[in-house]
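Chains A and B are the protein sequences, given in the same order.
Residue 111 in our numbering sits at position 111 of the first sequence, and the numbers go up by one each step.
Residue 254 in our numbering sits at position 254 of the second sequence, and the numbers go up by one each step.
Hints were generated in silico from the structure; no laboratory data involved.
Treat the numbers as computed from the prediction; the structure is a model and nothing was measured.
Check before you lean on any hint, since a few could be wrong.
Which copy is meant is left open, so a pair is good if it fits within one copy or across any two.
Pairs of lysine-lysine residues, derived as DSS-like cross-links and limited to a Cα-Cα distance of at most 27 Å, are as follows [as the list claims (entries may be wrong)]: (1) LYS202 x LYS80; (2) LYS13 x LYS93; (3) LYS309 x LYS288; (4) LYS108 x LYS80; (5) LYS151 x LYS309; (6) LYS309 x LYS100.
There are 2 protein chains.
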Amino acid sequence: MAEEALNAMEGYKVIIIGGGPAGLTAGLYTSRAYLQTILLEAMIPSGQAYMAETIENYPGFPDGISGRELIERFTQQAKKFGLDILQFTKVDKIELAGEKKMVTAGGKKFSASALIIASGAKWNTLGAAGEEEFTGKGISYCATCDGAFFKDQEVAVVGGGDTAVEDALYLSRVARKVFLIHRRDELRAQKILQSKALGDPKIEFIWNTVVRKIKGQGVVKTLVLENVKDSRQRELAVGGVFIAIGQKPNVDFASGLVEMNEQGYIITDQNCATSVAGIFAAGDVRSKGLRQIATAVGDGALAASAAEKYIEVQETR
Amino acid sequence: MAEEALNAMEGYKVIIIGGGPAGLTAGLYTSRAYLQTILLEAMIPSGQAYMAETIENYPGFPDGISGRELIERFTQQAKKFGLDILQFTKVDKIELAGEKKMVTAGGKKFSASALIIASGAKWNTLGAAGEEEFTGKGISYCATCDGAFFKDQEVAVVGGGDTAVEDALYLSRVARKVFLIHRRDELRAQKILQSKALGDPKIEFIWNTVVRKIKGQGVVKTLVLENVKDSRQRELAVGGVFIAIGQKPNVDFASGLVEMNEQGYIITDQNCATSVAGIFAAGDVRSKGLRQIATAVGDGALAASAAEKYIEVQETR
Chain A
1 MAEEALNAME
11 GYKVIIIGGG
21 PAGLTAGLYT
31 SRAYLQTILL
41 EAMIPSGQAY
51 MAETIENYPG
61 FPDGISGREL
71 IERFTQQAKK
81 FGLDILQFTK
91 VDKIELAGEK
101 KMVTAGGKKF
111 SASALIIASG
121 AKWNTLGAAG
131 EEEFTGKGIS
141 YCATCDGAFF
151 KDQEVAVVGG
161 GDTAVEDALY
171 LSRVARKVFL
181 IHRRDELRAQ
191 KILQSKALGD
201 PKIEFIWNTV
211 VRKIKGQGVV
221 KTLVLENVKD
231 SRQRELAVGG
241 VFIAIGQKPN
251 VDFASGLVEM
261 NEQGYIITDQ
271 NCATSVAGIF
281 AAGDVRSKGL
291 RQIATAVGDG
301 ALAASAAEKY
311 IEVQETR
Chain B
1 MAEEALNAME
11 GYKVIIIGGG
21 PAGLTAGLYT
31 SRAYLQTILL
41 EAMIPSGQAY
51 MAETIENYPG
61 FPDGISGREL
71 IERFTQQAKK
81 FGLDILQFTK
91 VDKIELAGEK
101 KMVTAGGKKF
111 SASALIIASG
121 AKWNTLGAAG
131 EEEFTGKGIS
141 YCATCDGAFF
151 KDQEVAVVGG
161 GDTAVEDALY
171 LSRVARKVFL
181 IHRRDELRAQ
191 KILQSKALGD
201 PKIEFIWNTV
211 VRKIKGQGVV
221 KTLVLENVKD
231 SRQRELAVGG
241 VFIAIGQKPN
251 VDFASGLVEM
261 NEQGYIITDQ
271 NCATSVAGIF
281 AAGDVRSKGL
291 RQIATAVGDG
301 ALAASAAEKY
311 IEVQETR
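One chain only, chain A, in its complex shape (with noise of 0.2 Å):
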């Protein structure tokens, strides 16, 4: 983007937080709609996609794709149709002024009529070693994800919510065998997702144990679990591990300003907007009960769509 166009901050109709599937896809629907749209990223666009190394389930691609390459597809289409992405740009704020959107990042401010967050949400880690090494490569945080890839494998899921046991449920119909283990000696998930966990035959569950390390040559390939009433130590061989022990919205930037539920996502209605006119939230940052790059899409072009129509709207008044 030229120096010019920079300075020119309050050019723009549309203000996007987040390169993700979400942001991108609202992008390339307000760009083509011919509305002047500026997308700011963090990093480089990516989202929580961008790590995976296969991604099976996002519908055109039979053969698989890296999340890389899906994502760089994603931004050379809306960048195609005009979308201004400016990139190593973090928010750090965003107010109302008067029915202007106003969002500072990166020491400039950006003005527009609408805005649509879309920065994403981030897996909680358990902290242990190797976890890092290992994520993408048998460390897993969402079994709908990639669960298909442990077919007739031994797998483990660390947690002890609703998330947590649907994985375990979820992965008993494509494992061997899954181990569920839990720091505490009972689960916080649904009495009916509880009963039907612990008569699944394939469902082992270990209690009272954390996971210490994570150990693997190239994948993983043990766990060193550690109990934590005798703190005793042990190993579990496993062909991977899902960490379902929740997530964090990025909304930081967003407090006191839009409505969030209880664990911080952004409250919308069927077409994304929040509580506040001209603001809009679309993908994992979103208040919803599936969080995956096919439901991200989608959420963007609806906040794009719904974005587009308040603009009409608003500056016909």
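Chain A is fixed; fit chain B onto it per the hints.
Relative to chain A, chain B alone:
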């Protein structure tokens, strides 16, 4: 599919009705989650997108892709994970037998725990001469899909409701000039959209007028218009025409079973659940704000995930 499998019509966990982007995505997800699924399609896997010569706004294809190739990719991908597709199998009726969902189609009965309706919708047509011939060759039923192809051209929109006026506003950003052709002398669209369109110097209204004929050579060149007051005809040269007179969901088989809105679209919650437990709706057949391939795949993934959770819980009781 082998003949034996056809007779084992009770072995399925999930039945999907409709092989467009929503149904195929749902099938990809449920199959990949090891839930035995059959997809029933009246024709071949297609959907309204199938006829599109170039799709530019489904993320992942920077150079665009034909509807046909995209749907073939969706189909191949879903089949790879084990989805059974039964084509040329029109659904006549769905009903409940206790908690089982029963589907009558192609002279056979199918039953499963969960049912995903993804049967789509059909655009209403004008019934003008030449309409079928030039569909996709200058005639479009979706400005968000195809507007960008008409940059700096003169185009027409036919209709007088919200969609027609929104389409005209969308196109006024893209095209050089937009004619809005309406059979009455006033619009049905929301007042605020009307004001915006009436004040837009690029939009010219042609009142009390219908399109009798669409003429061209390979692509659309002129519209034969008829004034409904005095029956006088005239020709209008355009590069494209957007027909925005509504669409009808394909839901005859579901009448009286699931809750629908006034237009017949199936009402769902944010997770694609209908008013009947275990029946989900995805894609254009749903009551929603935007109908795109991007939103259809989002719906398909959501409906599949919701069906999976429904089956988990239902089988426990």
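*Between the shortest in-copy and the shortest cross-copy C-alpha distance, which are at most 27 Å for LYS108 and LYS80: within, between, both, or neither?*
within (25 Å within a copy, 49 Å between copies)
*Please work out whether the CA atoms of LYS309 and LYS100 approach to 27 Å or closer within one copy, between two copies, in both situations, or in neither?*
within (16 Å within a copy, 42 Å between copies)
*27 Å Cα cut-off: does LYS202 pair with LYS80 within a copy, between copies, both or neither?*
between (49 Å within a copy, 25 Å between copies)
*For LYS309 vs LYS288, is the C-alpha pair at or below 27 Å within one copy, between two copies, both, or neither?*
both (23 Å within a copy, 15 Å between copies)
*Between the shortest in-copy and the shortest cross-copy C-alpha distance, which are at most 27 Å for LYS13 and LYS93: within, between, both, or neither?*
Within one copy only: 18 Å inside a chain, 48 Å across chains, cut-off 27 Å.
*Evaluate LYS151 and LYS309 at a C-alpha cut-off of 27 Å and name the case that applies: within, between, both or neither.*
between (46 Å within a copy, 20 Å between copies)
This entry satisfies every hint, going by the numbered hints stated previously.
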